[in-house]
Structures are given as structure tokens and as C-alpha cells.
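Trainee: Residue numbers (the working numbering), protein chains in the order written: chain A, 1 to 490; chain B, 491 to 980.
By construction, these hints were calculated from the structure, which means they are not laboratory data. It is possible that some hints are incorrect.
Stated by the list, open to error - Below 20 Å or equal to it, Euclidean Cα-Cα: the simulated SDA-like pairs (lysine to any residue) are:
1) B:Lys979 x B:Met869
2) B:Lys496 x B:Pro524
3) B:Lys624 x B:Trp634
4) A:Lys159 x B:Arg518
5) B:Lys624 x B:Lys979
6) B:Lys574 x A:Pro34
7) A:Lys159 x B:Asp501
8) B:Lys649 x A:Asp33
9) A:Lys134 x A:Lys438
10) A:Lys159 x B:Lys496
11) B:Lys593 x B:Val657
12) B:Lys649 x A:Lys134
13) B:Lys649 x A:Pro34
14) A:Lys6 x A:Leu16
15) B:Lys649 x A:Leu16
Number of protein chains: 2
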Amino acid sequence: WIHDGKYEIRDASYLLGLDCDDTHTLIREELADPRVRVACIGPAGEKMVRFAGIFTDRRACGRGGAGAVMGSKNLKAIAIRGHKEVQPFDKEAFSEAVREQVKAYQSHPSFENFSQTGTQIAEFTNVLGMFPTKNFREGVVPNWNLIEGSEFNKIRVRKTRCFSCMVHCGNISKISTGRFAGHWSEGPEYETIWAFTGPVGVADIGLTVAADKLCDDLGLDTISTGNAIGFAYELFERGIITKADTDGLELRFGNNEPVIELIRKIAYREGFGDLLAEGVREAARRIGKGAEAYAIHVKGLELPAYDPRGAKAHGLNLLTSNIGADHNTGYAGQEIFGIPIPKQYDRFAIEGKGELTKWNQDVTALFETGILCSFIPSMMMLPVEVYGKLLSSATGIEEFRDPQYLWLVGERIFNLERMFNVREGFGKKDDVFPRRLKEEPMPEGPSKGRVFEEEPLREDYYRARGWDIETGIPTEKKLKELGLEFTVKK
Amino acid sequence: WIHDGKYEIRDASYLLGLDCDDTHTLIREELADPRVRVACIGPAGEKMVRFAGIFTDRRACGRGGAGAVMGSKNLKAIAIRGHKEVQPFDKEAFSEAVREQVKAYQSHPSFENFSQTGTQIAEFTNVLGMFPTKNFREGVVPNWNLIEGSEFNKIRVRKTRCFSCMVHCGNISKISTGRFAGHWSEGPEYETIWAFTGPVGVADIGLTVAADKLCDDLGLDTISTGNAIGFAYELFERGIITKADTDGLELRFGNNEPVIELIRKIAYREGFGDLLAEGVREAARRIGKGAEAYAIHVKGLELPAYDPRGAKAHGLNLLTSNIGADHNTGYAGQEIFGIPIPKQYDRFAIEGKGELTKWNQDVTALFETGILCSFIPSMMMLPVEVYGKLLSSATGIEEFRDPQYLWLVGERIFNLERMFNVREGFGKKDDVFPRRLKEEPMPEGPSKGRVFEEEPLREDYYRARGWDIETGIPTEKKLKELGLEFTVKK
Numbered sequence: 001w002i003h004d005g006k007y008e009i010r011d012a013s014y015l016l017g018l019d020c021d022d023t024h025t026l027i028r029e030e031l032a033d034p035r036v037r038v039a040c041i042g043p044a045g046e047k048m049v050r051f052a053g054i055f056t057d058r059r060a061c062g063r064g065g066a067g068a069v070m071g072s073k074n075l076k077a078i079a080i081r082g083h084k085e086v087q088p089f090d091k092e093a094f095s096e097a098v099r100e101q102v103k104a105y106q107s108h109p110s111f112e113n114f115s116q117t118g119t120q121i122a123e124f125t126n127v128l129g130m131f132p133t134k135n136f137r138e139g140v141v142p143n144w145n146l147i148e149g150s151e152f153n154k155i156r157v158r159k160t161r162c163f164s165c166m167v168h169c170g171n172i173s174k175i176s177t178g179r180f181a182g183h184w185s186e187g188p189e190y191e192t193i194w195a196f197t198g199p200v201g202v203a204d205i206g207l208t209v210a211a212d213k214l215c216d217d218l219g220l221d222t223i224s225t226g227n228a229i230g231f232a233y234e235l236f237e238r239g240i241i242t243k244a245d246t247d248g249l250e251l252r253f254g255n256n257e258p259v260i261e262l263i264r265k266i267a268y269r270e271g272f273g274d275l276l277a278e279g280v281r282e283a284a285r286r287i288g289k290g291a292e293a294y295a296i297h298v299k300g301l302e303l304p305a306y307d308p309r310g311a312k313a314h315g316l317n318l319l320t321s322n323i324g325a326d327h328n329t330g331y332a333g334q335e336i337f338g339i340p341i342p343k344q345y346d347r348f349a350i351e352g353k354g355e356l357t358k359w360n361q362d363v364t365a366l367f368e369t370g371i372l373c374s375f376i377p378s379m380m381m382l383p384v385e386v387y388g389k390l391l392s393s394a395t396g397i398e399e400f401r402d403p404q405y406l407w408l409v410g411e412r413i414f415n416l417e418r419m420f421n422v423r424e425g426f427g428k429k430d431d432v433f434p435r436r437l438k439e440e441p442m443p444e445g446p447s448k449g450r451v452f453e454e455e456p457l458r459e460d461y462y463r464a465r466g467w468d469i470e471t472g473i474p475t476e477k478k479l480k481e482l483g484l485e486f487t488v489k490k
Numbered sequence: 491w492i493h494d495g496k497y498e499i500r501d502a503s504y505l506l507g508l509d510c511d512d513t514h515t516l517i518r519e520e521l522a523d524p525r526v527r528v529a530c531i532g533p534a535g536e537k538m539v540r541f542a543g544i545f546t547d548r549r550a551c552g553r554g555g556a557g558a559v560m561g562s563k564n565l566k567a568i569a570i571r572g573h574k575e576v577q578p579f580d581k582e583a584f585s586e587a588v589r590e591q592v593k594a595y596q597s598h599p600s601f602e603n604f605s606q607t608g609t610q611i612a613e614f615t616n617v618l619g620m621f622p623t624k625n626f627r628e629g630v631v632p633n634w635n636l637i638e639g640s641e642f643n644k645i646r647v648r649k650t651r652c653f654s655c656m657v658h659c660g661n662i663s664k665i666s667t668g669r670f671a672g673h674w675s676e677g678p679e680y681e682t683i684w685a686f687t688g689p690v691g692v693a694d695i696g697l698t699v700a701a702d703k704l705c706d707d708l709g710l711d712t713i714s715t716g717n718a719i720g721f722a723y724e725l726f727e728r729g730i731i732t733k734a735d736t737d738g739l740e741l742r743f744g745n746n747e748p749v750i751e752l753i754r755k756i757a758y759r760e761g762f763g764d765l766l767a768e769g770v771r772e773a774a775r776r777i778g779k780g781a782e783a784y785a786i787h788v789k790g791l792e793l794p795a796y797d798p799r800g801a802k803a804h805g806l807n808l809l810t811s812n813i814g815a816d817h818n819t820g821y822a823g824q825e826i827f828g829i830p831i832p833k834q835y836d837r838f839a840i841e842g843k844g845e846l847t848k849w850n851q852d853v854t855a856l857f858e859t860g861i862l863c864s865f866i867p868s869m870m871m872l873p874v875e876v877y878g879k880l881l882s883s884a885t886g887i888e889e890f891r892d893p894q895y896l897w898l899v900g901e902r903i904f905n906l907e908r909m910f911n912v913r914e915g916f917g918k919k920d921d922v923f924p925r926r927l928k929e930e931p932m933p934e935g936p937s938k939g940r941v942f943e944e945e946p947l948r949e950d951y952y953r954a955r956g957w958d959i960e961t962g963i964p965t966e967k968k969l970k971e972l973g974l975e976f977t978v979k980k
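Produce the complete structure using the sequences and hints provided.
Mentor: Right, dumping it as C-alpha cells:
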């Protein structure tokens, strides 16, 4: 409980087992202040599910298991309330920069569409044939028109937004017919729409809304949850696991009936869910019998809703992102949306993708220093120059006015993270995709016949990064250039 | 949406089907003000369940089906926010009266206990042998020690209170073991503890917490819900209804397994629940086959957690309350708690109970004019004189200083309500209990052998009220005395 510069550690035992929504409500009541902000974990975090997230008003810090970390520290929630005003260093210059920012957003070609529909657009990756289907066996989910943007327009009941944002890309969706009538959620966002349709091979808008809310309540990352479910389905179909392993659930692609029950089981680590709660890498290791081939992850983090075979720089980012297969670390908007910044790219081409991936990762890192939305870099909504004006007028640090310096900051951040990983034993051996993505050509659809050419792409990337091609470790020369010599073990 | 003297009617179609908690959250988000207060209905109100309530932050306006009225008007919620200060007429005198009020509360013999445990005390009526069990067949539930105050002390995780109240009799309870581990609720209050234990004959603290929360979420009055469930159990045991009627549910006293499912069915009017959603009177009428004998209600309102055979003035109030069998209209604290105001009474005696019931009803009516908590009159926590000082200093109306005037106000209110009922066709024929309470002596326990002597008690009451003994209608003399001549049809 952090308030106006003071902090206090409070007994939260009465909140144990409560879902994220209830936790928010009761904390605000306990503190008798409805404006308190809360970051909490749900039952999944308490149970240290490896892909439990941290939740704030139904918004998730989903990936990488931060919720499990809180759970391991017996930390149910952090509540924050401040009353002081935020004072930028140079108020006038800051206001001027904000005006430029607003103008940049408004004049962005995607602004209107993004503002109206948000990320609820499963069509764009299905059209590209890279919507991972049936545990990444295929690239198009049948009847994807049932989960495209126009369908979500029909069930949207309200727009939402993050604090003070003019884009308001968020949505509240509500199902009014069928099995899930009455279910609603904030979202689902693109990744979640995928997570409960692609992996099981059924484009069911009702289930995806219900599953989204359930994951928000129980405190689960939807991406890893959906990926783990698809993994289980494939093992079941291949006979690697049977009903004896799945608590009697019949996991057949094309039947999404067991999904809700699986989510619950994972969150509470009940029966079969306890195994899936370990994530696909560890679950595969425990199962054995060749299950590892079907665990679609990088560095233990399950892949999101993009098949790397359909977009090579996007794939290269998933391969090399410092937290594992994370699409937000260096989104290749050039390949997915055709954004021509820094220039146009062919999504299947190999050439230049190392350099492009570096560019995407560094620009993300530099925008994240200001805790800006990750859509800013992925959709190139704000020139780096304007961002620099915001930073310098807010902080008084003149260097931020220089875009070259900002790029250096971005690159330095990414390399510092890499060196952290190197210290922990990571390297080239961990920048690898599961066999399927490299050796099984996409069987059908607009990405038919494509594989991910891991070897040449990775080498190109290491070269662009100035890293050693044999080990994947930043060279001393590069580290010196970035002022990161201190990261080298003596 | 009422705010600072303005009002606005907003489209709430996106809230349809949402539970009460979610409705609160989304309205506060829509209005971008977390301090907005909300009074809303849940799915049960939308479906016009006859005993649906109106809910504000998990507090229920439960009895009488006000939620169904909102539902019938297509009104999902009322949101209110004001910013003006409340100014009492005479600030100094008001503060002085408040000090007297605080002193009166603090010096009340029950203050400490009530403040610590609230109403979570199922022991007091079990000890009196009037805890209605198995649809009012018995007066003691087996193993009631499992739901007594000390058990709730163990599962209490926090105290709560209404705005600004110093008593904070509210509780948040959470179950940590067994079938309902992880379930929590605000409450359950005494009536709710009864509603999901007595009617089915099982003292299960876990179920009562889970059922309480479910009713709060779905928007149901717990008393009528529990009563309706006990009614269904009895019909099932007697073979009046069978599994063919109950959607396959086996309703046997001593087995509370079907309760949660029944609550859900009632709220959504699914299958058998659609019938129970009509309340016991109407459900019995539709079922026929003598079911009416087991419908425990007055004027269509299901009886609460007090068997009238064990406390005659308390029963007389249930019999004559203007909204049907409501314990809050004229609670006989003299019989239940032994409160010696206006004097001591034997709970089984008939003598003087007409006068006492009038006293209890009028004192409740007069305290309700100030929208005070109904525990004030039922536990006699505040002298009428002090209340008068509060009212007069707040409003500037001098008459309120005179206790005689306040008593007149109370009596006038009660008679005005009665005349409203008379106009709608109510009379002596509606001041009746079901046969069981009058003809079946309590079989066991501390109230063994007792019946409710309806005829003499009612006559005594009418006499005390100055009503016609044959018709139960206030005499013209009485109405004139109260200034209510205008209520008589010409």
C-alpha cells in the first residue's frame, strides 16, 4: 500500500484465493478510497502457474509469469494512491510536444480504424495464412469470418481506453446468444481471440469472450494458456496422452467444449491442469514420449498468434526476444501491416531481416523507456523526434532531443538485457524454434510451402547486432560502443 | 444517472444480463467516477423473479420484489453522484444531538457484541426453538453449533459498515476448506444464514456463504429464495412433485447439494426455477394437489427466519405487516432478545401482544422517516427523544421535538399504508398464516407444543389499533384522529 511517498505492508490473507476483480473491489473498500489503483494476482498467481499474470482493472501484464513471481513472494497485490501533481520540467515545451504527439496520432493512416475496432481483427493474419491453427500445424482457422472485426463490431457494447489515451482501442464485448449468452469481457484482444480459437481449431466468438474473462478473473496469460491447450490437444490426438492423463477430457481438434474446464484446471492446478500449468516446455519434458516436438515455445515462453513461417522478421524477433517468444519486443509492422517505415519489406524474404529485426527491437526498447504503449512502435504512430521532445521537456535532459542518442538508448537496453541472459547461461542454443516451424512447410493457405529459415536468418541478425555468430554473445567491441563493458565477466 | 440536481436517462442495453457486481463496475467506468453510487438489479430482476431485489455494493433491498418492478420498467440501474454539502438547519444543535446519539449507541448493552459479531448469530433462535427448519415443520436445525456466531468469527476476514456508521455490524466471510473453499460473501446476515440451512435442514456454513454471494450477484432476496427452496423440498418429499418436475433434481431434506443449482435456476427462470421464481403462493396455486398448505407466506411474501409459534408479537407483526411477512416492520426485540422496553414480555403469552405489536410497528415507522437503520427500533438503540432532536435540528421543524408527535407520525404512516392496502382489496382475509403455524404444534425443542393462536391475537391487535374487528379496516374514528379521513372512499 503505497500512498503519497509512504508505504505500508498489510496482511492480505483474507484476499487469498479471490479472483482479480474481487481483489480490486475489496482492497478499495479496505482503503476506503475508490481511486486506489491495484496490481494484483489471481488464484493462478497464488498457485504459481508459470504463466500467471499481474492484473490491473482487467488489464493484464500477461506474459512471462510475473504473477507467479508475486505468488512466490506471497504478494497478493500492490495498491497505489497519490495526490501530488506531476510537474514536467518545462511545462510549455511539454504541452507543445503533446500537441505534436496528438497531431501525429490523428494523422496516422490507421488511427481511425484502430480507434474504432482496436485489435479485434483476426482476419489480417488469416489472410496472410499465419494464424497458428491446431498447435501451429496450419495457418488458417476454418470459418475465420466468424471472428473477424465486423463480428466483434456487432458484440461491442462499449469502447474503453487506458488512462488519458485518445485512441481508446479497448473494447467491452458481450455475447447475447448461444451457449455463452450473457458472458462479457474487456477485450478480447487479438491474441486472446486467437488463443481460444486457433489452438483448438474452432472460430467461436462466444467461447473466446468467456475464456478471456475467466483468464482475467483467475489471473492467467491468455496466450500461454491457449498455446498450452493446443499443445495438449495435439498430444491427445497423437496418442501421447490419453483420457487417463486428461482427467477424462476428450481433446479433439474441432471441439472446444473442454476449453473452459481446462482453463479452470490450469489456474487451480487441478489434476491435468497442474501439468499444463508448468508451461509447454516443462510439461513436455515431464511427459516425454517425444512430446517436446509439439511444445511451441522459445526459451520456455509459448509462441503468440503469429506463425513465423509467414513473416520472417516477425519470427526472428520471436526467436531472439530477451524474454522468449514475445511479439511486443520488436513487432514487425512492416510485414504484418505493410507499414513502409523504415522501408517496404517482402514478408517471406530473408534479406535484410536481421537489420530490420534489430530496428524493430531497438525502437520498441527506446519507446518503452517512457512507458509508452507498445502499439506506438509496432504501428509507428509517433516520430522518434517528437518522442524525444516529450522526454526532454518532461525531464530536462537535453540529450533526449537527439534521435541518434535515443536509438543508442534503445540498442543499449536490448544489449543489456541480452547480457543479463548471457550471464544466466543463455546463448545461441536458446535462440531456436521447435522443429515444426523450420522443417514442416505450411501445408495450406497464403503461406503455403513456407518454412522459417532459422540458420541464415539468425546469422544475419547476429551480424546486424554485432554479436558473435558462433555464440550469439555481443562482441566486446559492440559492448564498448554501447558503454556496456561492465557486463563482461572478468 | 442523477448528478448534482441534473438527471439523464442512458442506454443500458450493454448491461443486460450482467450480475450486480459487474454492473457497478462498468457503470462507474462509464461515468469515469469511482465514487458514483449505484442501485441496480441483476439477472433475476431482469427476469422479473417475484422476489428479486435492488442491490447497492452488495447490500440488498431484498424483500417484496422491488427488483422485479425495476425489471418490468426496463430499468437496470440508477447511478447517483452529488458534490454539494449537506447543511443541517441548526448545525450546533445537530452536532449536539449526534453526540447524544453516539453516547446512546455506546452505552447500549448490546453495542459491543453487535459491533463485533453483527447478525451472524443463528444460535439465538435455535435456543428459542423457533429457527424454521424443513419448511417450518421444526424449530431447531440439527448441529446448529456449526453456524453459530463463534463459527462465523472464525471465517470473518473483515468488518464492514454502512456509510459513516460507528457500529460496523457488517462482515466479510470467507470459506477456506471443503467444497466451498475460496468462496466469500459480504454477510451472510442472520436471515441468509437461515435461508440456506433451515429450509433444507443442513447447517452448512460453506454453502450459506456461497449461496449468499450468488444471490447478491444474481440479484435475489435470500429469504424468499431459501423459503421457496424449502417449500420445493417439502413438496418433493410428499410426492406432490417429482423429478419430472424438478429437472431431475432430488430434493431431500438433509441434502443441500441441489441448492446452488436451484438458486441459479430461479434467477434465470430456467426449467423448475421458473415456477419457484413466482414465489411460493403462486407456485402452489399452479401446482395444485394441496401444495398451498406448504406455502409459508403472508400476503404472498415468504416468511423469514422466525417461527411465529415461538414468539407471538413477532408473529403478529409478520401477520399484519403491510408488505406481508416482513420481520423489519415491527421487530419484537422484547420476545427475541428480552429487551425490557417498553416492558418485559413472555414470548409465548397472548396477553398484551396486540398493543406490543402496534408499539413495535409504530416505532419502526417513525424511525424510518429519517431513513435510520432498522436495528435502531428493533434493538431500541436510540431514545425517541434523541431522534426527535436529530430531526428537528436537521430540518428546523419544531414539532419533531415532541415524542408524542413522533409516535403520532409513526401510527399515521402505518395506518396510511394499511388504507392503501384496503383500497387494493386487502383486509382481515389476508392477515392469515398458513394452517401449519396455527394447527400443528411445534414437534420438538424449546417451543415444543406451541401453536400460533391467530384468532385471539389478531383480534387483540385490531382492538389495539382501533380497527374494525370484523373487517380489519381502520375505523373512521381512528382515521379522523390521525388526520387520514381523506383515505376513505366516498
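Trainee: Now look at each hint and say whether the structure bears it out.
Mentor: Against the structure, the hints come out as follows:
| no. | hint | verdict |
| --- | --- | --- |
| 1 | B:Lys979 x B:Met869 | violated, 38 Å |
| 2 | B:Lys496 x B:Pro524 | holds, 19 Å |
| 3 | B:Lys624 x B:Trp634 | holds, 14 Å |
| 4 | A:Lys159 x B:Arg518 | holds, 14 Å |
| 5 | B:Lys624 x B:Lys979 | violated, 44 Å |
| 6 | B:Lys574 x A:Pro34 | holds, 19 Å |
| 7 | A:Lys159 x B:Asp501 | holds, 14 Å |
| 8 | B:Lys649 x A:Asp33 | holds, 16 Å |
| 9 | A:Lys134 x A:Lys438 | holds, 17 Å |
| 10 | A:Lys159 x B:Lys496 | violated, 25 Å |
| 11 | B:Lys593 x B:Val657 | holds, 12 Å |
| 12 | B:Lys649 x A:Lys134 | violated, 50 Å |
| 13 | B:Lys649 x A:Pro34 | holds, 18 Å |
| 14 | A:Lys6 x A:Leu16 | violated, 25 Å |
| 15 | B:Lys649 x A:Leu16 | holds, 17 Å |
The structure is inconsistent with the numbered hints 1, 5, 10, 12 and 14, although it conforms to all the rest.
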